[in-house]
Amino acid sequence: DVKVTQSSRYLVKRTGEKVFLECVQDMDHENMFWYRQDPGLGLRLIYFSYDVKMKEKGDIPEGYSVSREKKERFSLILESASTNQTSMYLCASSFGAGRNIQYFGAGTRLSVL
Amino acid sequence: QKEVEQNSGPLSVPEGAIASLNCTYSDRGSQSFFWYRQYSGKSPELIMSIYSNGDKEDGRFTAQLNKASQYVSLLIRDSQPSDSATYLCAVNRQRYSTLTFGKGTMLLVSP
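Quick mapping for you: the protein sequence lines, in order, are chains A and B.
Going by the numbering used here, the first residue of the first sequence is number 292, and it counts up by one from there.
Going by the numbering used here, the first residue of the second sequence is number 42, and it counts up by one from there.
Chain B extracted, bound-state conformation (with noise of 0.2 Å):
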């Protein structure tokens, strides 16, 4: 079983800070990498998605991609009260289009 890994949290910081979340993967051959935003009692809806090494940035959100290493984070800059939330790494199987996903790791941001 391909798996990936995400520490569950909470992470806390305080408002307008950096929040730093990662994930690692064991599926060499995986191509694609998401990063879902799923609010309590709501579906997930993508924020991110990555499939070069190296850094993609949107807004206040960057992903950031080490294949070598076999993981990928995401970085949100000038954290807000809003961005409290679980944040979902998935990544792509091989086998037709499927995605594992991390159990998610537990944002809290403090005004």
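For reference, chain A alone in the conformation it holds in the complex (with noise of 0.2 Å):
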């Protein structure tokens, strides 16, 4: 069965904060996704990697950074956390070849205060 997982649920930290979110999947993926989800803007897609060691910026990456070590961790680092980056992180891995779907992880509700 397919599993992403995402190593909070719920997180609340302090502004300038540096924040790790952990994300695994057991599927042997090669791309993995990081958005944010927010009221009236949708999914949007921060960074992704579609290898080991390899990151690509997304829509919004200003404020973030991303470290893909194994292929199975795809982590997203929030360096200095600010107000404006509460919201709910979705996590996602798909095969590199193929017809692209996406799994995506339960998510992580980050509140920033």
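It is worth saying that the hints were derived from the structure and are not from the lab.
Be careful, since some hints might not be right.
Below, a list of computed lysine-lysine pairs in the BS3-like style, where the Cα atoms sit at most 25 Å apart [what the hints assert, rightly or not]:
| hint | chain 1 | residue 1 | chain 2 | residue 2 |
| --- | --- | --- | --- | --- |
| 1 | A | K304 | B | K108 |
| 2 | A | K348 | B | K108 |
| 3 | A | K294 | B | K83 |
| 4 | B | K83 | B | K108 |
| 5 | A | K362 | A | K348 |
| 6 | A | K309 | A | K346 |
| 7 | A | K346 | A | K294 |
Reference listing, derived: stretches of chain A covered by chain B, where coverage requires no fewer than 3 residues with Cβ under 8 Å from a Cβ of chain B [to be verified]:
| hint | stretch |
| --- | --- |
| 8 | 351-361 |
| 9 | 391-401 |
A few chain A residues that don't get close to chain B, going by computed Cβ distances all over 10 Å [what the hints assert, rightly or not]:
| hint | residue |
| --- | --- |
| 10 | K304 |
| 11 | E308 |
| 12 | V310 |
| 13 | D319 |
| 14 | T374 |
| 15 | S378 |
| 16 | L381 |
| 17 | S385 |
Quick caveat, the model's predicted, so the values are computed rather than measured.
The beta carbon of each residue, even a glycine, is placed where N, CA and C say it ideally should be.
Join these two chains into a complex; the hints should help.
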């Protein structure tokens, strides 16, 4: 069965903190993605990775960085959290070739105070 | 910026009726199209994928694709209250394996 696991369902952090969101998939997928979802704005792509140690900017990369040291793990880093980064963060993964079906984790609801 | 457009709704239908959800997209080069269902507070889950013009049926769900008109639709037959959710349309981009998502249509099925 498809499994994408995000390390936390809820997180509360303070402005200026460094925040790590972790995502692990067990499907041997090449591609991994980080999105944020906000009311009225839909799902927006932050960063994605198509291979180990490779990363590409999505539509809204400002204020974020990522790390992919192993194929199964993709981390999203907020270097200095700000209140406008309060959001639902969703990780997804897919095979590298073929029909691009993305499978999502349960999401992390991050609040920055 | 390539876009995917959906009516935000809510679309309200009575139990047992057919719900029709529509999506238009701007990138003529798109080849893969998806419908995801998202319950409130949950993550999106794939319910249909379609790659060729025409209809694709899976149980109570039918996806329809018309590349010439750049629209994709989802029909839900015999709608149930448990179908009440937000439905997201997603279209592949030419770049790598990324998707562009619409903002979703909220469906409400009343008993």
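How the hints compare with the structure:
1. Taking the CA atoms of A/K304 and B/K108, the gap is about 45 Å. The hint is violated against a cut of 25 Å.
2. Proximity of A/K348 to B/K108 is assessed by CA-CA distance (about 28 Å); at most 25 Å being required, the pair is judged violated.
3. This hinted pair checks out: A/K294 and B/K83 have alpha carbons roughly 15 Å apart, not beyond 25 Å.
4. For the given pair, B/K83 sits about 31 Å from B/K108 by alpha-carbon distance, which is inconsistent with the 25 Å threshold.
5. With a C-alpha separation of about 18 Å, the suggested pairing of A/K362 with A/K348 holds against the 25 Å cut-off.
6. The straight-line distance between the Cα atoms of A/K309 and A/K346 is roughly 20 Å, inside the 25 Å bound, and the hint therefore holds.
7. Taken as a hint, the A/K346 and A/K294 pair is honoured in the structure, with Cα atoms around 22 Å apart against an allowance of 25 Å.
8. Counting residues of the stretch 351-361 of chain A whose C-beta lies closer than 8 Å to any C-beta of chain B gives 0; at least three are required, and the coverage claim is violated.
9. Chain B is given as covering the stretch 391-401 of chain A, and this holds because 8 residues of the stretch bring a CB closer than 8 Å to a CB of that chain, at least three being needed.
10. Residue placement check: A/K304 keeps its beta carbon more than 10 Å from all beta carbons of chain B (closest about 20 Å).
11. Remark: the non-interface label on A/E308 is consistent with the geometry, its nearest Cβ contact in chain B lying 24 Å away (cut-off 10 Å).
12. Residue-level check passed: A/V310 sits 19 Å from the nearest beta carbon of chain B, beyond 10 Å.
13. No beta-carbon of chain B is positioned within 10 Å of the beta-carbon of A/D319; the least distance is around 15 Å.
14. Against chain B, the non-interface label of A/T374 holds: every CB pair exceeds 10 Å, the least being about 21 Å.
15. Listed as a non-interface residue, A/S378 keeps its Cβ farther than 10 Å from every Cβ of chain B; the least gap is roughly 13 Å.
16. Its beta-carbon lying about 6 Å from the closest one in chain B, A/L381 breaks the requirement of being farther than 10 Å from that chain.
17. Listed as outside the interface, A/S385 is inconsistent with that label: its C-beta sits roughly 6 Å from the nearest C-beta of chain B, within the 10 Å cut-off.
Checked against the numbered hints above, the structure violates hints 1, 2, 4, 8, 16 and 17; every other hint is satisfied.
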